[in-house]
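On the provided structure of chain A, position chain B as indicated by the hints.
Taken in order, these protein sequences are the chains called A and B.
Every letter in the first sequence is one number past the one before it in numbering that gives the first Met the number 0, and letter 95, counting from 1, is 94.
Every letter in the second sequence is one number past the one before it in numbering that gives the first Met the number 0, and letter 89, counting from 1, is 88.
Please keep in mind that the hints were generated in silico from the structure rather than gathered at the bench.
Hints may contain errors.
[Unchecked claim] Residues from chain B that face chain A, not an exhaustive set, calculated with beta carbons under 10 Å:
(1) D4
(2) R6
(3) D18
(4) V36
(5) R139
(6) P200
(7) D202
Where is the CB? At the ideal position from N, CA and C, for every residue including glycine.
One letter stands for each residue in the lines below.
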Amino acid sequence: MDEPDTIDQGFASGGADALRHAYDAHGSLVYSLCRRAVGGDLAADITQEVFIAAWRRRTSFDPDRGSLAAWLTGITRHKIIDVLRREARHRNDRIDSSSVLLDVSDPVDWVGALGDRMLLADALAALPERSRTVMHLAFGDGLTQQQIAESTGLPLGTVKSDMRRSLARLRRHLDHPDGESP
Amino acid sequence: MNDFDDRVLELMRGLTADDIDRDVPPPSVWAGIAAAVAEDADGAGGDAPQPAPLDRPRPIGVSGPVALGRTAQRRRQVLTWTLAAAAASVVVVGAALVVDGRRAGAPDVIAAVEVTSDGLGDAPPGIVAQAVIEDDDGVRRVALDASAIEVADGEFLELWLINDDITDMVSLGVVRRGETYEIPGDVELGDFPIIDVSIEPDDGIPTHSGRSVLRGRLEA
Numbered sequence: 000m001d002e003p004d005t006i007d008q009g010f011a012s013g014g015a016d017a018l019r020h021a022y023d024a025h026g027s028l029v030y031s032l033c034r035r036a037v038g039g040d041l042a043a044d045i046t047q048e049v050f051i052a053a054w055r056r057r058t059s060f061d062p063d064r065g066s067l068a069a070w071l072t073g074i075t076r077h078k079i080i081d082v083l084r085r086e087a088r089h090r091n092d093r094i095d096s097s098s099v100l101l102d103v104s105d106p107v108d109w110v111g112a113l114g115d116r117m118l119l120a121d122a123l124a125a126l127p128e129r130s131r132t133v134m135h136l137a138f139g140d141g142l143t144q145q146q147i148a149e150s151t152g153l154p155l156g157t158v159k160s161d162m163r164r165s166l167a168r169l170r171r172h173l174d175h176p177d178g179e180s181p
Numbered sequence: 000m001n002d003f004d005d006r007v008l009e010l011m012r013g014l015t016a017d018d019i020d021r022d023v024p025p026p027s028v029w030a031g032i033a034a035a036v037a038e039d040a041d042g043a044g045g046d047a048p049q050p051a052p053l054d055r056p057r058p059i060g061v062s063g064p065v066a067l068g069r070t071a072q073r074r075r076q077v078l079t080w081t082l083a084a085a086a087a088s089v090v091v092v093g094a095a096l097v098v099d100g101r102r103a104g105a106p107d108v109i110a111a112v113e114v115t116s117d118g119l120g121d122a123p124p125g126i127v128a129q130a131v132i133e134d135d136d137g138v139r140r141v142a143l144d145a146s147a148i149e150v151a152d153g154e155f156l157e158l159w160l161i162n163d164d165i166t167d168m169v170s171l172g173v174v175r176r177g178e179t180y181e182i183p184g185d186v187e188l189g190d191f192p193i194i195d196v197s198i199e200p201d202d203g204i205p206t207h208s209g210r211s212v213l214r215g216r217l218e219a
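So that you can see chain A by itself, here it is in the shape it has in the complex (with noise of 0.2 Å):
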């Protein structure tokens, strides 16, 4: 199983730094999204919003449970929710395909299914290449594991361990509960 990384746990135990390291590997995660939501001016916002929300609650993460970028991507999805039902009230008005920038008919799924493909980018980005490849292979181009084997020259059995290690990392990275309701 894959073990937290040290900046999730730095981030958990409150030392020194440990805010800024988490910044440093997380805020453009946390800012990109804030921008396709809801775009740039009050992209900076929420991102400022989702660390200082997130280091007051630290206390509630839990590195065992799942990583710091599934935490602080839930944080920020809520938050974004937030401010769209904020000017959708506003307006009196309900959220809508016009709060945000993308003409979408349920903006709520819409940032979560988002969310959580900038998170599985970031995770894919994170994995060893071979088994990037691997993951690629399975599941963007729908290869058998015994064609990938083929197709890469890997011996079948690096291609199941890879596939195994990797679905534990992704899993791992994807996921933590608190930051679905934060």
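Relative to chain A, chain B alone:
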């Protein structure tokens, strides 16, 4: 394939170049975070409410708690000025008493305002008191009996005049039994019609705590 594999499959199929692109936040973002967190660390135990950049102002209106944060600095200046003015007026009043020891007529009542704890949330509802504004030979004072409000050790009551949109306020000082509170000479009551009593922690921070326990409005 289990559920998680299915989820990864679905997400990976949906991945676009945009999902991988990352924007770097402007430097002001970290600066704001660091400032807010440093303020937390300075505060009492770190759990004092601190304004975040996007914090909605607390509900504005006579029955709501006072919005704090953005105007705190300004209020600090107002308070500093108020204290200076109060100190100056003590000197002036003292001098007047020496010059004219006969000055003893009863002050004129300018207005009486009912202040109540109803709707404020930081005191039990139903507490009502009278704030009486008097003109004592050109010096306006507020007389108020706030003894019905219970104050815990380490806290005190403070009297404020607040403008209608809760963006500016003037402290009239610490509420003590049997005292009256002078309104600085250049404060127009019409500009600060809300009379407010707050519970203040004894933390040396001169701004309004946001915990109002009595409030009323002076009608024109």
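Quiz item: Going back to the hint list, which numbers does this structure go against?
Solution: 5, 6, 7
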